[in-house]
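With these hints in hand, go ahead and build the complete structure from the sequences.
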Amino acid sequence: MIMLENLIGGLSLILTWQNLLAITAGSTLGLIVGTIPGLSATMAVALLLPLTFDMEFVTGIMLMVGAYKGGIFGGSILAILLKTPGSPASACTVFDGYPLTRQGKAVKALKMAKYSSVTADIFSDIVLISCAAPLAAIALRFGPPEIAMLIFFSLTIVAGVAGDSIIKGLISGVLGILLATIGLDPIIAVRRFTFDVPNLDSGLSLVPLLIGLFVLSEVFVQLGNKKNGADEFTIPKARKPEDNRVSWQEFKPTLKTIFRGSFIGTAIGIIPGIGTGIASFMSYGQAKRSSREPDKFGKGSLEGIAASEAGNSSVVGATFIPLLALGIPGDIITAIIMGAFMIQGLIPGPMLFAEHASLIYAIFIGFFICDIVYFILGAIFMKYAGLLSHVPRSVMFPIVWIFCVIGTFSLRTSFFDIGVMFAFGIVGYYLQKLGFALAPLLIAFILTPIGESAFRQTLLMSDGNLWIFLSRPISVVFLLMTFITVIGIVRSYRKTRLR
Amino acid sequence: MKLKSNKTKEIAICLSLILFSLFVIFYLSPFHIEAEKAEILALSPRLFPELASWLIAFLSTVLILITILEDERNRHPKKTFNTFAEEMTVLAASAISIFFIVSFILLGFIPATFVSLVLLNLTQGKLGIIKNLGISMITTLSVYLFFHYVMEVFFPVGELLK
Chain A
1 MIMLENLIGG LSLILTWQNL LAITAGSTLG LIVGTIPGLS ATMAVALLLP LTFDMEFVTG
61 IMLMVGAYKG GIFGGSILAI LLKTPGSPAS ACTVFDGYPL TRQGKAVKAL KMAKYSSVTA
121 DIFSDIVLIS CAAPLAAIAL RFGPPEIAML IFFSLTIVAG VAGDSIIKGL ISGVLGILLA
181 TIGLDPIIAV RRFTFDVPNL DSGLSLVPLL IGLFVLSEVF VQLGNKKNGA DEFTIPKARK
241 PEDNRVSWQE FKPTLKTIFR GSFIGTAIGI IPGIGTGIAS FMSYGQAKRS SREPDKFGKG
301 SLEGIAASEA GNSSVVGATF IPLLALGIPG DIITAIIMGA FMIQGLIPGP MLFAEHASLI
361 YAIFIGFFIC DIVYFILGAI FMKYAGLLSH VPRSVMFPIV WIFCVIGTFS LRTSFFDIGV
421 MFAFGIVGYY LQKLGFALAP LLIAFILTPI GESAFRQTLL MSDGNLWIFL SRPISVVFLL
481 MTFITVIGIV RSYRKTRLR
Chain B
1001 MKLKSNKTKE IAICLSLILF SLFVIFYLSP FHIEAEKAEI LALSPRLFPE LASWLIAFLS
1061 TVLILITILE DERNRHPKKT FNTFAEEMTV LAASAISIFF IVSFILLGFI PATFVSLVLL
1121 NLTQGKLGII KNLGISMITT LSVYLFFHYV MEVFFPVGEL LK
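Protein sequence lines correspond, in order, to chains A and B.
Count the first sequence with this note's numbering and you get residues 1 to 499, in order.
Count the second sequence with this note's numbering and you get residues 1001 to 1162, in order.
Errors might be hidden in some of the hints.
What the hints assert, rightly or not - List of simulated lysine to aspartate or glutamate pairs, EDC-like, C-alpha gap at most 16 Å:
#	chain 1	residue 1	chain 2	residue 2
1	A	Lys433	B	Glu1070
2	A	Lys433	B	Glu1087
3	B	Lys1007	B	Glu1070
What the hints assert, rightly or not - Derived contacts from chain A toward chain B, CB cut-off under 7 Å, selection only:
#	residue
4	Val174
5	Arg192
6	Phe220
7	Gly419
These aren't lab readings, by the way, just hints derived from the structure by calculation.
Positions of the beta carbon are idealized from the N, C-alpha and C atoms, including for glycine.
So this is what it looks like as structure tokens:
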């Protein structure tokens, strides 16, 4: 009864033209910003924060939530069309989205991305509404041993995206670990490989590395690829009408993957500080391992797109679970949104549920409205993203080049970051040419800082005794999952080799 | 012949990686990590870098062995290495990237971007000079206006123009 009252109260608060306009504006900005390589949903939400100061509380929050959701989906559009992920969250979508584009199935890939994103978003919103408090309480029980084992398990994903050579993929992953150790040591704060360069004290920044490896290296490949002769940047046209749609027969088998990805993304989103990039890679790795057609992954699998998009989109709702239930931001974006709460004089946490329940329910309902709005806006965006196909190649890639530069620069207004991006563009180009997959490097680079801190904190807790990992039930579960996954990988690798 | 050449290149790459990892373990780690030897393993900031380097050395050795032992006939010839023309274009693009950073610092965003875009288009050799200048100018100004006024990303004035 109380919940019904709160729902009605929430509905009356959210259903105003100002809120609907805020959601539309936020989603539009998120889609635009997310589409530009290097600019992320974080930047869109941060840019909107000052605008919310004079707005009604729910309107301001909805503006930011719209930008968050739109930004995550926007990042996938160019990942599919141009192999240029707008953010780490959509890096995984490239693996199957871009091959589909080259096969003349760009619209099919975009639609699959949209359907899986929206489905996963709705899934995580439902989880947010129904399980906010109890789930956050479980996640808060994760100590360093559990986090270390979670990351250890996540690193098995590297084998799933290793490309043609598993050994080369592993080397690429270990290079990622090594690169992640540059900067201040996470435990005793001494400098590692900084060479007296102050900019390296905080380590290599993720955005320049990501843009350099995934976007700029591709620009170099395209600039160097003169053999085709054709100047126009061509998104191959669909050969049949079926290539422009996702039929129910195609969508139905991916539902299992979408729900698995949504579950993984939601679980990752609840744990503070892990983020969308890891969720999409984990979801992709699991989908590949349990797929009936794992060989199709990386060559244009709809299941692959569904897994990646479900993984990254479902994080969004879930990151609000620790924020709203316990006042702990799940990631950078929710930390910014927490700032908006506090500026309005509201402290997120259990007391907010007790004192302003209708406000919370208004936000919950707003999440669903956001899903509908960006489903519609996404369709419009996808239509105009197709215009990119008419831009000549010689114009397109220099423009992408300049967006890479600005995207990197705007992050911290640092010339050093631009240098890092160019350096990794060249490194990425040659690694690709030498047959080393880039995804393992990125995954390991993202996971290592969290994993290293947690692993070493655990060893400190146990005076260097590794048995501590076997004394904690959750950690044992992750260790067993890692063991089973490694066996599975070895077996499937041997099968592939025999074939 | 082509396969043998690829095999030699693979071994050369692996040997370079082994040398690199040994360089990290025996030079970079002792001299570029500011730490005394830790009593507890977890306190050593060298734990992860050295572990990673040993892993690179080990995996590269495994790859060399696989490459040597693998039957030539089972190897799939891959188009992994570049033609001279591709290589030159990529080198030119890299040089333009370095030029861009220097000119961005010295001259500011608009001149640096405009000149770099003109040069990048020249490496493609697909646009006529007028079209090249026009497109580069329009791109530079549109990007500048969008970022300056919409995204509120303010580009610094070049050192020489201050």
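Structure-based check of all given hints:
1. A:Lys433 - B:Glu1070: Measuring from Cα to Cα gives roughly 21 Å; hence the hint is violated.
2. A:Lys433 - B:Glu1087: holds, 11 Å
3. B:Lys1007 - B:Glu1070: Holds - the C-alpha atoms of Glu1070 of chain B and Lys1007 of chain B are around 10 Å apart, at most 16 Å.
4. Val174: holds, 5 Å
5. Arg192: With a minimum Cβ separation of about 5 Å from chain B (threshold 7 Å), the hint on Arg192 of chain A holds.
6. Phe220: holds, 5 Å
7. Gly419: holds, 6 Å
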